[in-house]
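Asker: Generate coordinates for the entire structure from the input sequences, incorporating the hints supplied.
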Amino acid sequence: MSLPKLLRALVYIAAGLTFFSVAFIILYILVQGIPHLTPSLFALEYTTENVSLFPAIVNTIIIVLLTLVIAVPAGIFAAIYLVEYAKKGNRLVAMIRLTTETLAGIPSIVYGLFGLLFFVTKLQWGFSLLSGAFTLAIIILPLIIRTTEEALESVPDGWREASFGLGAGKLRTIFRIVLPAAIPGVLAGVILAIGRIVGETAALIYTAGTVARLPKSLFSSGRTLAIHMFALSSEGFYIDQAYATAVVLVTIVLGINFLSGFIARKLTKGQVR
2 MSLPKLLRAL VYIAAGLTFF SVAFIILYIL VQGIPHLTPS LFALEYTTEN VSLFPAIVNT
62 IIIVLLTLVI AVPAGIFAAI YLVEYAKKGN RLVAMIRLTT ETLAGIPSIV YGLFGLLFFV
122 TKLQWGFSLL SGAFTLAIII LPLIIRTTEE ALESVPDGWR EASFGLGAGK LRTIFRIVLP
182 AAIPGVLAGV ILAIGRIVGE TAALIYTAGT VARLPKSLFS SGRTLAIHMF ALSSEGFYID
242 QAYATAVVLV TIVLGINFLS GFIARKLTKG QVR
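In short: position in the sequence shown from 1, add 1, done, that's the working numbering.
These are computed hints drawn from the structure, not numbers from a lab. Be aware that one or more of the hints could be misleading.
Claimed, not checked - What follows is a list of derived Cβ distance ranges for each label pair:
{"no.": "1", "residue 1": "88", "residue 2": "24", "range": "43 to 53 Å"}
{"no.": "2", "residue 1": "165", "residue 2": "8", "range": "20 to 30 Å"}
{"no.": "3", "residue 1": "171", "residue 2": "105", "range": "25 to 35 Å"}
{"no.": "4", "residue 1": "78", "residue 2": "21", "range": "38 to 48 Å"}
{"no.": "5", "residue 1": "217", "residue 2": "119", "range": "20 to 30 Å"}
{"no.": "6", "residue 1": "62", "residue 2": "37", "range": "19 to 29 Å"}
{"no.": "7", "residue 1": "158", "residue 2": "193", "range": "19 to 29 Å"}
{"no.": "8", "residue 1": "42", "residue 2": "165", "range": "38 to 48 Å"}
{"no.": "9", "residue 1": "74", "residue 2": "4", "range": "28 to 38 Å"}
{"no.": "10", "residue 1": "24", "residue 2": "162", "range": "38 to 48 Å"}
{"no.": "11", "residue 1": "35", "residue 2": "173", "range": "49 to 59 Å"}
{"no.": "12", "residue 1": "35", "residue 2": "236", "range": "40 to 50 Å"}
All values derive from a computational prediction rather than experimental measurement. Ideal Cβ positions, reconstructed from N, Cα and C, are used throughout, including at glycine.
Answerer: Shown next as structure tokens:
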């Protein structure tokens with residue numbers, strides 16, 4: 002077998018293993034969890050009898066939206082500066098990129114301890130959804146910056162030059178030409194960030210807390226679906242309900258991914274037209 006054919010075979014094998022691994026995990030969770038999805042799991046209030054996950058769903062949605070509101074604008078504007086305004090070879094830019102890559106590799110529990118010391122204790126926000134959202138915003142910020150940078154860099158320079166040639170300014174070119182063309186790549190980063198948010202446990206245990214109830218305000222403590230699943234499985238009495246929670250969590254993540262992909266395709270078609 003020649004080297005190109007061998008490499009191609011290895012690529013197909015790796016792709017197949019990846020696909021079947023993901024499919025097996027999802028199928029196993031569905032088989033184990035769907036039979037245990039009962040109406041009591043969606044009761045408005047959590048008790049030790051129904052172990053309702055409804056408060057966790059509400060807390061998860063709030064955490065996701067609040068984190069994205071904090072992190073996405075900051076990440077996009079930072080990427081715009083790095084790509085469109087910063088000079089090539091600037092030491093400051095190189096330092097910023099090194100810092101973001103370093104932050105991306107820090108374990109989430111370290112962020113959790115930082116959030117506990119700063120947001121919970123220093124700012125006296127307590128164990129709250131707000132503390133958890135700001136901590137998660139710091140966690141996903143490097144991801145948003147990096148994916149937005151790559152999306153902006155993928156836009157051809159000819160588009161910028163054509164816009165300048167028609168008399169458009171720098172800012173107008175960025176927001177009317179470059180950024181709309183880069184939206185699919187930006188949304189890809191947002192999708193990855195959402196997956197990181199909904200699956201996070203360590204950082205939120207130290208900042209948002211584990212209270213299983215509907216929040217009264219952003220300063221209320223609350224558990225997300227991931228923490229709810231962790232709590233149920235660690236107690237050892239609600240393993241079946243933990244699998245059911247995993248089904249809901251996987252469904253939400255897949256739904257967000259499909260919705261984001263649909264929006265990206267619509268925006269891309271509109272841009273082409």
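Asker: Each hint: holds or not?
Answerer: Hints, verified against the model:
1. A hinted range of 43 to 53 Å for the beta carbons of residue 88 and residue 24 is consistent with their spacing of about 47 Å.
2. Hint check: residue 165 to residue 8, Cβ distance near 43 Å, so the stated range 20 to 30 Å is violated.
3. For the hinted restraint 25 to 35 Å between residue 171 and residue 105, the CB-CB distance of approximately 29 Å keeps it satisfied.
4. Between residue 78 and residue 21, the C-beta spacing of about 41 Å keeps the proposed range 38 to 48 Å intact.
5. For residue 217 paired with residue 119, a C-beta distance near 23 Å keeps the hint of 20 to 30 Å intact.
6. Residue 62 and residue 37 have their C-beta atoms about 22 Å apart, which keeps the hinted 19 to 29 Å range intact.
7. Hint check: residue 158 to residue 193, Cβ distance near 26 Å, so the stated range 19 to 29 Å holds.
8. In this structure the supplied range 38 to 48 Å is violated for residue 42 paired with residue 165, their Cβ-Cβ distance being about 57 Å.
9. The hinted range of 28 to 38 Å is not satisfied by residue 74 and residue 4, whose Cβ atoms lie roughly 48 Å apart.
10. The hinted window of 38 to 48 Å between residue 24 and residue 162 holds, with their beta carbons roughly 46 Å apart.
11. Between residue 35 and residue 173 the Cβ separation comes to about 51 Å, which falls inside the hinted range of 49 to 59 Å.
12. Checked against the given bound of 40 to 50 Å, the beta carbons of residue 35 and residue 236, roughly 22 Å apart, lie outside it.
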